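Dock the two chains into a complex; use the hints.
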Amino acid sequence: MNERTIPSPQPWLETQQYWDAANDGILLLKRCLDTGKVFHYPRAHSPFTGSANTEWCEVSGQGTIYSYSVLNRADPPYCIAYVTLKEGPTVLTNVVTDDFGSLRIGQPVRVEFVASENGQKVPVFRPC
Amino acid sequence: MSLKGAAYIVGAYEHPTRHAVDKSLGQLHAEVALGALQDAGLTLEDVDGYFCAGDVPGWESQGAGPLSVVEYLGLKLRHLDTTETWGSAYINLVEHAARAIAAGKCRVALITQAGRPRAEKFSPAASHLKQAQSTGEAQFELPYGPVVTNVYGMCAMRHMYEHGTTSEQLAWIKVAASHHAQHNPNAMLRKVVTVEDVLESPVVSTPLHRLDCCVISDGGGAVVLAHPEVARSLKRPLVTPIGAGFTVKHLNGGYFDILASGGVQTGAEAFAQAGVTPRDIQYASLYDSFTITVLIQLENLGFCEPGQGGRFVADGGLISGVGKLAVNTDGGGLCSNHPGNRGGMTKLIEAVRQVRGEAHPEVQVPDCRLALAHGTGGQLGARHGSATLILEREA
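In the order they appear, the protein sequences are chains A and B.
Each step along the first sequence adds one to the number in my numbering, with nothing skipped, and position 123 is 123.
Each step along the second sequence adds one to the number in my numbering, with nothing skipped, and position 193 is 193.
Extracted from the complex, chain B is given alone in its bound form (with noise of 0.2 Å):
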């Protein structure tokens, strides 16, 4: 079922703090909700659906989690629905919130993220040590170490064997970020740095520099969806998901190309539902936990033939108003913000900034009605969420 007009992006709010010492995790969820409310020009008391993902407090407990948060914001709902994919999941959510509205569950639909790693002095490195040891794989893969940047690091090496990729373009994904970070208040790196800046970072896990990775960073954000109706009686741009798609990819068993993520599928889908192609996208919001990220993701959405990626992103591809792709003007995760560690919220806002004209005017791209989000949760090169959602303004 086509999505278009089943339901409008109506809020949406980015948490502006990076370091969130003197708040705790309901707070930024509470913050988030009423941002992304008062954005929209309603309030807590219209919210009859909400959806979160695995970031709410008390996730890891019996009977808290998801109750815990709806209890805290003082919801009154019809609908609750818990989808937890990670980065990707607030992207998912978008569909789930929209069918939801038109199969008449709920007619406000609030989705929120928040998260305080930077706050919580989380480590990459010891990632792994945290991992649960409760699942299938646990016990056949923690031995071995894998944290965050070295699983990464592999996709990166295999796209450098397969199609001669090169750190140089690698960085140019960095550069572009950065370019766009320097017009964004909020951002935590706003200092525009070049290919050797990358380069001559130290390298964290073969072949990735420290900056080809993203920020650990506190924040969120949250969007509300609304019904036609209520939407057409607020003020706000008519902005609806035209075509969606989610999948879970994993290493089946054993055989899996590690260069192609879920987006494969969920790319295809979300254009075939939307009836458009990569080239009508004005703008993207592509998940950028590391460059490589971006690279593999804008190949497998078909922005570019596999391969080709990093072609596409060298000499300012990625920059607004220099490149092929206009792509995560905030400066992204690279640069602005992974709150969390979870970056499919803010990748969500930027798309709905475009396509409403609020982005930043040093990096808006002309009349954008077309944009595109997508996140990639979990991890690139081992199991992860893929979501993908194409959004467009209503004239």
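Pulled out of the complex, with its shape left as it was, chain A reads as follows (with noise of 0.2 Å):
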């Protein structure tokens, strides 16, 4: 079966520092200082409270699965998924997997990193 070409993302100043883990092999995400919410999509301000008293912090990488949808009609079928991260936020990402047949919602899942089209390492999701 041939590979999906993953699109590169075009990070902004704000959300390299994000890119830059994810190439180590790093989960990084933004907390609210105000609240001690930890949110996604990492940004400057905090989208709870609006102020930029934030903060890049490590996450586990671990997760369960709130929803999934194999894309049949792509070639190769790919899986879109929402997972829903063991620090609170709910991001999306891909699962990947060799059998889309056995996925589940509230199954765990954990981070791995996997090259896009010029190399910059994405954070995809493996069931564990």
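Because the hints were derived from the structure by calculation, they are not lab data.
Do not rely on the hints blindly, as some may be mistaken.
Said to hold, decoys possible - Partial chain B-side listing against chain A, Cβ under 7 Å, derived: (1) P143; (2) P146; (3) R356.
Everything numeric in this text was worked out from a predicted model, so none of it was measured.
The C-beta atom is built at its ideal place from N, Cα and C for all residues, glycine as well.
What follows is the structure, given as structure tokens:
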């Protein structure tokens, strides 16, 4: 089966750290220091308070599938998913597996990093 | 402020084309504008307020877009409003137009919508590659290939997980649309289909089948609102918005419920403003980009309890004269028309036909005086604009 080509992200200045960390195999998210909540997608301002009082934090890379859908019309088919991370937020991602038929909502998954078109690594998740 | 009697919808027109290979986008806007004005008994010269969304020609060009289409149409304006919330925009623009008229900003308001994705060979499976890279979320989403079908697929998957909804129940939404579309000579898909037909069509993105998806069509539509004095001088039924709601629902930093669309808020707001309940509504136009869109909106707007949508739509629940609630009696986006990948205008127009008593006799709700139109523009499972409008025909 041919591999899916992953379009490369175009980082912003305020998110370059996230993508650099991904290349090192680390999943970073942002924490709102006013509320203590970890949020996604990362940005300079907290989506809860608007404050720029935020910091990067390394997260576990563990989560569960909130929902997913396998796009059969694509060649090759791929699975898009919302994964709820152990630290709280739900993130859009791909779930990678050899067996799409075995996927279930609620299933535990773990992060791994795969190269996109230009070599920049992006986080995806695999059942564990 | 209540909208009742502040302004009236006096003109409505849906372009009959579904494949506009021989017409420009500007031409489509002009044709629907003229159609709606003729329906009202007005002309372009009467229009002093124009309302549009991002489907006008040149939207992406600096200094063009709305200004260009105003020039193309030769309008002489006192008021312009451009609100881009995709397919929901036109339903929301009715509220804007009514308020602008009530505020004295204009007396005759024209809203147009048009598009030609079919002529331009739009491909849903590659749609994410054309999305702007310049938004905050793009870098965190586009690598994963969120097209339209798989994001809605995730909504359906979650609904099935939480509520036990089945593909058979979703299929009933398409079946109802096809029952209505057989009476619409302009509908793209006029063949009545069965639940089995839907389930036997190929799975596009799990769990959605090809027949769970709306058509890709060209065309458009327009409506005209007028000041009460103007409206009473015309010969059309007096149809007034009595309640409206609007919001933008988004992913909220990663804390969201994919099954709660903006309709939860906009429905409650519109019903409160109108002083009616979902049980009073005789006809509903519900955005039907996919079958699941209808199901979630039925629940979010309060037509049934959360999780009960599957039961509500099953066994012909949405078929006019058969079910509990007549929905999308023109065949909707699922069978008739989804011009420019924006279904809000056609939703609005069929609601106007119903309260005027001008729907096809086979699908007309008897003495329909109260109708609802609701739009979800953008993506249900991600960020979207939600607009609800409740229309009443005065005796």
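Against the structure, the hints come out as follows:
1. Taking 7 Å as the C-beta contact cut-off toward chain A, the hint placing B:P143 at the interface holds, the least distance being around 5 Å.
2. Because the closest C-beta pair between B:P146 and chain A is about 6 Å apart, less than 7 Å, the hint holds.
3. Hint status for B:R356 relative to chain A: violated, with the closest Cβ pair at about 40 Å, above 7 Å.
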